[in-house]
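We have chain A already, so just place chain B on it with the hints.
Here is how the chains run, residue by residue.
There are 2 protein chains.
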Amino acid sequence: MSNSETDAPPMVGGVGTCSYYKNSYLQRRSANVVKEKIDEEIAKKLDFHNLPIASNTFRLADLGCSVGPNTFFHVQDLLEAIKQKYEMQFHTSQIPEFQVFFNDQPMNDFNTLFNNLPQERQYFAAGVTGSFYDRLFPESFLHFVHCSISLHWLSKLPEQLLDKNSPAWNRGRIHYTNAPNEVVNAYASQFAKDMENFLNARSKELVSGGMIVIISQGIPNGMLYSELQNGVMFECMSLSLMDMVKEGVVSEAQVDSFNLPFYAASPDEMTEIVERNGLFNIERMELNDPAAWLKRRINIPEWVVHVRAAMEESFSKHFGGEVLDELFDRLTKKLSKFSDELELKYREKTLLLVVLKRQ
Amino acid sequence: MSNSETDAPPMVGGVGTCSYYKNSYLQRRSANVVKEKIDEEIAKKLDFHNLPIASNTFRLADLGCSVGPNTFFHVQDLLEAIKQKYEMQFHTSQIPEFQVFFNDQPMNDFNTLFNNLPQERQYFAAGVTGSFYDRLFPESFLHFVHCSISLHWLSKLPEQLLDKNSPAWNRGRIHYTNAPNEVVNAYASQFAKDMENFLNARSKELVSGGMIVIISQGIPNGMLYSELQNGVMFECMSLSLMDMVKEGVVSEAQVDSFNLPFYAASPDEMTEIVERNGLFNIERMELNDPAAWLKRRINIPEWVVHVRAAMEESFSKHFGGEVLDELFDRLTKKLSKFSDELELKYREKTLLLVVLKRQ
Chain A
1 MSNSETDAPP MVGGVGTCSY YKNSYLQRRS ANVVKEKIDE EIAKKLDFHN LPIASNTFRL
61 ADLGCSVGPN TFFHVQDLLE AIKQKYEMQF HTSQIPEFQV FFNDQPMNDF NTLFNNLPQE
121 RQYFAAGVTG SFYDRLFPES FLHFVHCSIS LHWLSKLPEQ LLDKNSPAWN RGRIHYTNAP
181 NEVVNAYASQ FAKDMENFLN ARSKELVSGG MIVIISQGIP NGMLYSELQN GVMFECMSLS
241 LMDMVKEGVV SEAQVDSFNL PFYAASPDEM TEIVERNGLF NIERMELNDP AAWLKRRINI
301 PEWVVHVRAA MEESFSKHFG GEVLDELFDR LTKKLSKFSD ELELKYREKT LLLVVLKRQ
Chain B
1 MSNSETDAPP MVGGVGTCSY YKNSYLQRRS ANVVKEKIDE EIAKKLDFHN LPIASNTFRL
61 ADLGCSVGPN TFFHVQDLLE AIKQKYEMQF HTSQIPEFQV FFNDQPMNDF NTLFNNLPQE
121 RQYFAAGVTG SFYDRLFPES FLHFVHCSIS LHWLSKLPEQ LLDKNSPAWN RGRIHYTNAP
181 NEVVNAYASQ FAKDMENFLN ARSKELVSGG MIVIISQGIP NGMLYSELQN GVMFECMSLS
241 LMDMVKEGVV SEAQVDSFNL PFYAASPDEM TEIVERNGLF NIERMELNDP AAWLKRRINI
301 PEWVVHVRAA MEESFSKHFG GEVLDELFDR LTKKLSKFSD ELELKYREKT LLLVVLKRQ
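Listed in order, the protein sequences are those of chains A and B. For the first sequence, the numbering used here begins at 1 and goes up steadily by one. For the second sequence, the numbering used here begins at 1 and goes up steadily by one.
Bound-form chain A, shown alone:
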């Protein structure tokens, strides 16, 4: 097993003003939207009568957990639903012991995660470092896998994006928003490969009857990313960087060679990948409204702070930390210019919920 690094950025560590720890409540609200649906799936589909539980211990993993605190809330919610189902099936309050594995990449700030573990947790906690596109656990070890707001990060960028001779060369853009089909397809095919690796690894690690819940950025079937509110954001990032090229702050070659490894799949795409893999039953696959984005006109500065806490490491690695403030300032201004357009963009069914069960 290697310390596999992926191209996905670690979230900003620590608990300071700019940290992901302090700036991830929008992600939390999004995930909360689907809480009831997940509870429902657990109540209906998790079947303790047919689940091998060795030594009376139920094991759950949160993959791509970041630094907290969202992961702690999700785990707590999941464990409550799981306990309820157990009590319902066995008419007993003598529940199993729970062991929870918090996973993220080696560059994740596990010190922050460990220092903020809930004091009164009713489970044994452990941290596991590594890419969830590889094996992380022994065979038949886990009963439940949760993967929230992280599977849209690709393990790596398609090489063609940097190849000047390829039709998928992604010149002057940092994402597939508004890009030629070849670029979109390169992203899509990397996503499919990653997802296949994810499913293969989990198929070994999960016991038969074990469940996977994925909450991820998604997109309605047949829609283009440029039609989404998020697409405007990626477009404005590209435009801000190209402005900085004009002013000599960064070079054109730097922008041409930079791409964000972020891909949002449609339900049809995801269904095809899971069916082709053939090791899991699809219990639920649907797009949801990410509530936080819907209720009011978007607060651009708040949005940018969240985007920065999740993505700045990517930019900083490529362009250097010294351009970050300028870049995100420009992004805020650029988005403000497009604020009316932003409100017209699609932002409803963009949260993909996938519930799978190991055959």
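Hint data in this document are derived by calculation from the structure and do not stem from the laboratory. Keep in mind that this is a model prediction, so the values were computed, not measured. Don't take every hint at face value.
No distinction is drawn between identical chains; accordingly, a pair holds when it is met within one copy or between any pair of copies.
BS3-like, lysine-lysine: derived pairs with alpha carbons at most 30 Å apart [as the list claims (entries may be wrong)]: (1) Lys85 to Lys204; (2) Lys45 to Lys333; (3) Lys345 to Lys85; (4) Lys37 to Lys333; (5) Lys246 to Lys35; (6) Lys337 to Lys164; (7) Lys83 to Lys333; (8) Lys35 to Lys345; (9) Lys204 to Lys83; (10) Lys333 to Lys317; (11) Lys85 to Lys37; (12) Lys204 to Lys156; (13) Lys334 to Lys45; (14) Lys44 to Lys85; (15) Lys337 to Lys44.
For chain B alone, coordinates are given in the frame of chain A:
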């Protein structure tokens, strides 16, 4: 389960010049002295025919692992001995999967640990935060526990040491070296309580037939700590601090209220505790020579750097970080004055090896 903090200091984090990562090779050499003996115990006593191994996974925990790299070497050595024994018993190279849990306190620098995990490791790794005097794992989960150079750290200091009305008030000293019997007894009784908690927790976590290997600072039966080379070090720490009191750098009250939670048990003491607990068989209990200290005249500056990497957090928490340089400079000078006396002090059988087997 709570984020139990103990009084034992975390080792200095990171990988810088003063880090424990860079300044723990003396500890490693000490532990290496007993490597062959541990291999021998595994070959003789670990019995796979009577060890319940669910899902073909063998689970090992290194408790008090610190930041590395020593823990990685120990784990590698242990796994090799364990694999050999397995192959010997089953005449097959189809060995189980291995899962290794690295444990230390919440204040330990797990980021450094995770970032330095061996690239080509043949095991699934996980980090577990918490005091090993409490439960860390579910029931019947582990097959092997290793605890190297860390059980001599008490979970907390006996309260009497700070009580002016108690005969165990440890005025003007920071350890039980050269202290009245009441002080020594207070330390000893805290150690016995801690060890009892350690054994009770492990008795739940280990499967029947599972093994514990403890390598710890020890002392021959009936010897006083002041007779040891280490005793001179603690004494020189007290003297250096009292010099700093005279010069007004720290206050006398600060020194009186500070004690190091460090206790070295004798084989007789340890035997009594394990037998009273009654849940483990003693497979081996012996004192060894810590090789690094024996072969040559002690290199005082090198020794102090190691002591500082392991202990500075205790001093810094109590006296403030700004006095550390002065304190350890004074300690080096003070020890140099006593360098001839140091060479005469006892330093042979001070490494206690304990091998236990869960009944």
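Verification of the supplied hints:
no.: 1; hint: Lys85 to Lys204; in the structure: both (24 Å within a copy, 26 Å between copies)
no.: 2; hint: Lys45 to Lys333; in the structure: neither (47 Å within a copy, 70 Å between copies)
no.: 3; hint: Lys345 to Lys85; in the structure: neither (40 Å within a copy, 64 Å between copies)
no.: 4; hint: Lys37 to Lys333; in the structure: neither (37 Å within a copy, 68 Å between copies)
no.: 5; hint: Lys246 to Lys35; in the structure: neither (46 Å within a copy, 64 Å between copies)
no.: 6; hint: Lys337 to Lys164; in the structure: neither (32 Å within a copy, 70 Å between copies)
no.: 7; hint: Lys83 to Lys333; in the structure: neither (48 Å within a copy, 61 Å between copies)
no.: 8; hint: Lys35 to Lys345; in the structure: within (26 Å within a copy, 66 Å between copies)
no.: 9; hint: Lys204 to Lys83; in the structure: both (24 Å within a copy, 22 Å between copies)
no.: 10; hint: Lys333 to Lys317; in the structure: within (23 Å within a copy, 45 Å between copies)
no.: 11; hint: Lys85 to Lys37; in the structure: within (14 Å within a copy, 49 Å between copies)
no.: 12; hint: Lys204 to Lys156; in the structure: within (23 Å within a copy, 43 Å between copies)
no.: 13; hint: Lys334 to Lys45; in the structure: neither (46 Å within a copy, 70 Å between copies)
no.: 14; hint: Lys44 to Lys85; in the structure: within (8 Å within a copy, 46 Å between copies)
no.: 15; hint: Lys337 to Lys44; in the structure: neither (47 Å within a copy, 75 Å between copies)
The earlier numbered hints that this structure contradicts are 2, 3, 4, 5, 6, 7, 13 and 15.
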